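*Asks:* Chains A and B, in that order, are what the protein sequence lines are. The letter at position 319 of the first sequence is residue 320 when you use my numbering, and the numbering goes up by one with no holes. The letter at position 13 of the second sequence is residue 14 when you use my numbering, and the numbering goes up by one with no holes.
Source of the hints: derived by calculation from the structure; they are not laboratory data. Take the hints with a grain of salt, since some may be wrong.
Claimed, not checked - DSSO-like mimics (lysine-lysine), calculated; alpha carbons at most 27 Å apart, straight line:
#, chain 1, residue 1, chain 2, residue 2
1, B, K282, A, K245
2, B, K211, A, K418
3, B, K258, B, K199
4, B, K121, B, K217
5, B, K107, B, K8
6, B, K140, B, K74
7, B, K240, A, K375
8, A, K27, A, K67
9, B, K140, B, K231
To be verified - Per label pair, the in silico range of CB-to-CB distance:
#, chain 1, residue 1, chain 2, residue 2, range
10, B, G305, A, D161, 36 to 42 Å
11, A, R122, B, G305, 46 to 52 Å
12, B, K318, A, R92, 37 to 43 Å
13, A, R350, B, N205, 53 to 59 Å
14, B, K211, A, A372, 42 to 48 Å
15, B, Q251, A, R350, 54 to 60 Å
16, B, N245, A, G222, 30 to 36 Å
17, A, R350, B, D40, 40 to 46 Å
18, A, A200, B, E88, 53 to 59 Å
19, A, A372, B, G305, 58 to 64 Å
20, B, G305, A, P99, 18 to 24 Å
21, A, A372, B, P29, 53 to 59 Å
22, B, R73, A, G222, 27 to 33 Å
23, A, A200, B, G305, 42 to 48 Å
What the hints assert, rightly or not - Facing chain A, from chain B, some residues (calculated, C-beta under 8 Å):
#, residue
24, S151
25, R152
26, G174
27, L177
28, P247
29, M365
30, R368
Bear in mind that the values here come from a model prediction, so they are computed numbers and not experimental data. For every residue, glycine included, the Cβ atom is placed at its ideal position computed from N, Cα and C.
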Amino acid sequence: MKPANRILHVDGDSFFASCEIALDRKLEGRPVYVGGGRNGNGIVIAANRIAKKFGVKTGMACFEAKNLCPKGVLCKPHYDEYRRLSLDMFRILEQYAPVMLPTSIDEGFLDFTTMDQHVWRNTTPLDYIKGIGERVRKEVGLPMSGGLGSSSWLAKLATDAAKPGFIEVPAGQEEEFLRDRPVRELSGIAKNRERSLAALGAKTFGDVAKLPSMLMKQKFGIWGQQLWLFSNGRWNQPLVLEVKDRTTISSNTTLPYDEPDYEAALTFTLSEATRLTGQLRHEHLQAREISLTIRFNDFTEVGGSHRFQHAQFQNSVINRALEELFRDCMSAAYKPVRQIRIAMWNLARLDTQPTLWQRTEEERWGALDEATHKLNTAFGKLSVMTGAQLALQKLDDAHKTPKAKCPFVPQREMMEKLWGPTGTPNSDSAF
Amino acid sequence: MNLSIAKDQLIHGLQSVQNIVSSRTTLPILSNVLLRATDNRLELTATDLDVSISCAVEANVKKQGAITVPVRKLFGIVRELASPEIEMEVDEKNATSIRAGASFYKILGLSADEYPPIQKFKESKKIVLPQEKLKGMLKKTSFAISSDESRYVLNGIFISLKEHKMTMVATDGRRLALVDEEVDIPESSQSEFIVPTKAVNELNRLLTDKGDVEIKFTENQLALTLTNEKGGSVLVISKLVEGNYPNYRQVIPSETKERISLPREEFLAALRRAQIMTSDKANSVKLAIGRNNLAITANSPEVGEARETMAIDYKGKDMAIAFNPAYMIEPLSALTDDEVFLELIDELSPGVLKINGPFLYVVMPMRLS
Chain A
2 MKPANRILHV
12 DGDSFFASCE
22 IALDRKLEGR
32 PVYVGGGRNG
42 NGIVIAANRI
52 AKKFGVKTGM
62 ACFEAKNLCP
72 KGVLCKPHYD
82 EYRRLSLDMF
92 RILEQYAPVM
102 LPTSIDEGFL
112 DFTTMDQHVW
122 RNTTPLDYIK
132 GIGERVRKEV
142 GLPMSGGLGS
152 SSWLAKLATD
162 AAKPGFIEVP
172 AGQEEEFLRD
182 RPVRELSGIA
192 KNRERSLAAL
202 GAKTFGDVAK
212 LPSMLMKQKF
222 GIWGQQLWLF
232 SNGRWNQPLV
242 LEVKDRTTIS
252 SNTTLPYDEP
262 DYEAALTFTL
272 SEATRLTGQL
282 RHEHLQAREI
292 SLTIRFNDFT
302 EVGGSHRFQH
312 AQFQNSVINR
322 ALEELFRDCM
332 SAAYKPVRQI
342 RIAMWNLARL
352 DTQPTLWQRT
362 EEERWGALDE
372 ATHKLNTAFG
382 KLSVMTGAQL
392 ALQKLDDAHK
402 TPKAKCPFVP
412 QREMMEKLWG
422 PTGTPNSDSA
432 F
Chain B
2 MNLSIAKDQL
12 IHGLQSVQNI
22 VSSRTTLPIL
32 SNVLLRATDN
42 RLELTATDLD
52 VSISCAVEAN
62 VKKQGAITVP
72 VRKLFGIVRE
82 LASPEIEMEV
92 DEKNATSIRA
102 GASFYKILGL
112 SADEYPPIQK
122 FKESKKIVLP
132 QEKLKGMLKK
142 TSFAISSDES
152 RYVLNGIFIS
162 LKEHKMTMVA
172 TDGRRLALVD
182 EEVDIPESSQ
192 SEFIVPTKAV
202 NELNRLLTDK
212 GDVEIKFTEN
222 QLALTLTNEK
232 GGSVLVISKL
242 VEGNYPNYRQ
252 VIPSETKERI
262 SLPREEFLAA
272 LRRAQIMTSD
282 KANSVKLAIG
292 RNNLAITANS
302 PEVGEARETM
312 AIDYKGKDMA
322 IAFNPAYMIE
332 PLSALTDDEV
342 FLELIDELSP
352 GVLKINGPFL
362 YVVMPMRLS
């Protein structure tokens, strides 16, 4: 008989706050919260358990947190450090399972199926996973929680129930574990689905289990049937390592100070667009739609979007359209610029293969990108850059370049960091 | 208009023309078929303003006249009628009555005066050739037409009529199919033009193995009259693609180094199987050619891999070249010969597929970075 799947979900506890403590041991035992925003004192983006006891919550303003918890320590975010610690954490976790699926900077799944036959012979699964958590805490300094179950859905729910600590939902006890849990705890169930389920009288997984599976399928399609199986403890899904194809690429950057000079803001926009377009081509993609949103220092926004007749991949074309968008939406503006957001979507594959006639733009840009990439790898980032990027660098000599900072690390990036770029099209590995 | 007509005849006529009527038309009247009854003939016409098709069938006309009727409705009814004889009558309110045995239908139509007029061909250049020949030539080239709308001149088949030779070329930039046949071309009819994809598709459907086709053309239009031995005829009128077709001669390698003779069906079947193991991201198959041996391999990280080996007659040097499998499968499926020849220069230069006949196919290999 096929053994039941055993999937472990792990999740760092108050990850950013824990990282700050790991970086500075003196903070241990004190209420710690991390502030986001430009100066690191905007809103609370993470708070450790002690701070939470005082009522500090993620999303509240830092000054509110200070009122609630005057003795708390406000830390400025160190995203690069968090990424490093996250990588250390995954490096350890990776040693324990044949398949690991990182899903965000502090979260991931491990496949422990068939462990019971050998590894767990002299121990219990719960002790085993607690041991892993202990090792991560000791070596990296990060506390972790985890849940072990028959599918990734269940493991994630178990982690939420376990926090802080570890829980195992043994095979056969899934239904019991789920019975009284509200359905909205499952990721994938938000307002709409919760409402539709409530209309059927289903508030908990136990309620869903009692509904006829036909009805679930009619109402929600394949997903409905999966949910029904899940609620009945019969959802036995193996862990599959896959990266979904990109559907959009975007950047959202708060400038280091409110920029009153629109030409400088434009330079930044174009430089950032160049970076995005380069990344797009690197992934053998091109974009048909672009949008630009500018946020002013009073948090009002202007923006616009443009759809090309055909998907585009050239800096010159995309930058020209962006510049037009920029001038359009800034024509009546007078307030300093705080934040710039660029997005490209409606992506299509970029064929850089040679043609019978002379070299195409696609092919030439592909070759150019490859060469630039090689040079920049050999001689350091930005050894070769475009005019827009150079202009930005000159402009920024006075002040430091605003770093692209994104506390959320996409899954693709996580995997690339761990195992290098995978599945690059037309690579030699294909043969 | 008042006539009686055999069900078979009416179905034949409707089948010939109705394909061009799209479900979403710019003008409401374009979803109608124009019926025009003259001496013992019923002429059916449909158009989408780019391509028009007209088909004349035998009918017993009691009163001449014309009307337009929604083609899907008419075809739907006629196809299901039980009686082999159909009577049609149009009243002054543009309603067409259809009587067949115990069935009676009335379809509301629009006046024939509102139908866009079909372009009349004045004195023009023309050639005549057997339908079978034209059909064969189209089959061997039409698969290579580009569907990339940004390069509209490639969205059709280029036809050159020069010096007793009719040459057809289709390309999408990465492969090119060419076929030329001896055709009697009058001095005054020498010309070059591009026939749009839509017209090519219709011709592929309408051309038969019997009878002749008369091709007339002007600067920007083309008319083909397909006649069969029974005297029935279909007229296809199409706009031509405007623009200059790229110089296709320059991409045909003048000299190749290695020539491999391949059994077409075996090669095609192996490619079809290997293609299953390709994916969007790894859409190539590799041909490794060695002494008397050909290995076809495909490998995509997320799907799996394939390996096919074939014994071939080859004494040249070892070579490995990658192609998009579809670019090899399509010409091989369009051909009927038992033996094909693959000519190669090196792994980065275009490969050429030939047969013992007037056909040539140039395909760009894929670069394995």
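*Asks:* Is the gap between the beta carbons of A200(A) and G305(B) within 42 to 48 Å?
*Replies:* holds, 44 Å
*Asks:* Using the beta carbons of R73(B) and G222(A), state whether their distance is inside 27 to 33 Å or not.
*Replies:* holds, 32 Å
*Asks:* Given a hinted range of 42 to 48 Å, is it respected by the beta-carbon distance of K211(B) and A372(A)?
*Replies:* Once the Cβ atoms are compared, 59 Å apart, the range 42 to 48 Å for A372(A) and K211(B) is violated.
*Asks:* Hint validation: P247(B) versus chain A, beta carbon distance must be below 8 Å. Holds or violated?
*Replies:* holds, 6 Å
*Asks:* Taking the beta carbons of N245(B) and G222(A), is their distance inside 30 to 36 Å?
*Replies:* violated, 51 Å
*Asks:* Is the hinted pair K121(B) and K217(B) satisfied, with a Cα-Cα distance of at most 27 Å?
*Replies:* holds, 11 Å
*Asks:* Next pair to validate is K107(B) with K8(B); report whether the Cα-Cα distance is within 27 Å.
*Replies:* Holds, at roughly 17 Å.
*Asks:* How does the Cβ-Cβ distance of A200(A) and E88(B) compare with 53 to 59 Å: does it lie in that range?
*Replies:* Taking Cβ atoms as reference, A200(A) and E88(B) lie about 57 Å apart, which means the hint holds.
*Asks:* Mind checking the alpha carbons of K258(B) and K199(B) for me, to see if they're no more than 27 Å apart?
*Replies:* It is violated: about 38 Å lies between the C-alpha atoms, which goes past 27 Å.
*Asks:* Classify the hint on S151(B) as holds or violated, based on whether any CB of chain A lies nearer than 8 Å to its CB.
*Replies:* Holds. Min distance 5 Å.
*Asks:* Does the structure keep K27(A) and K67(A) at a Cα separation of 27 Å or less?
*Replies:* The hint holds at about 19 Å.
*Asks:* A range of 18 to 24 Å was offered for this pair. Does it hold for the Cβ distance of G305(B) and P99(A)?
*Replies:* holds, 19 Å
Checked against the numbered hints listed earlier, the structure breaks hints 2, 3, 6, 7, 11, 12, 13, 14, 15, 16, 17, 19, 25; every other hint is satisfied.
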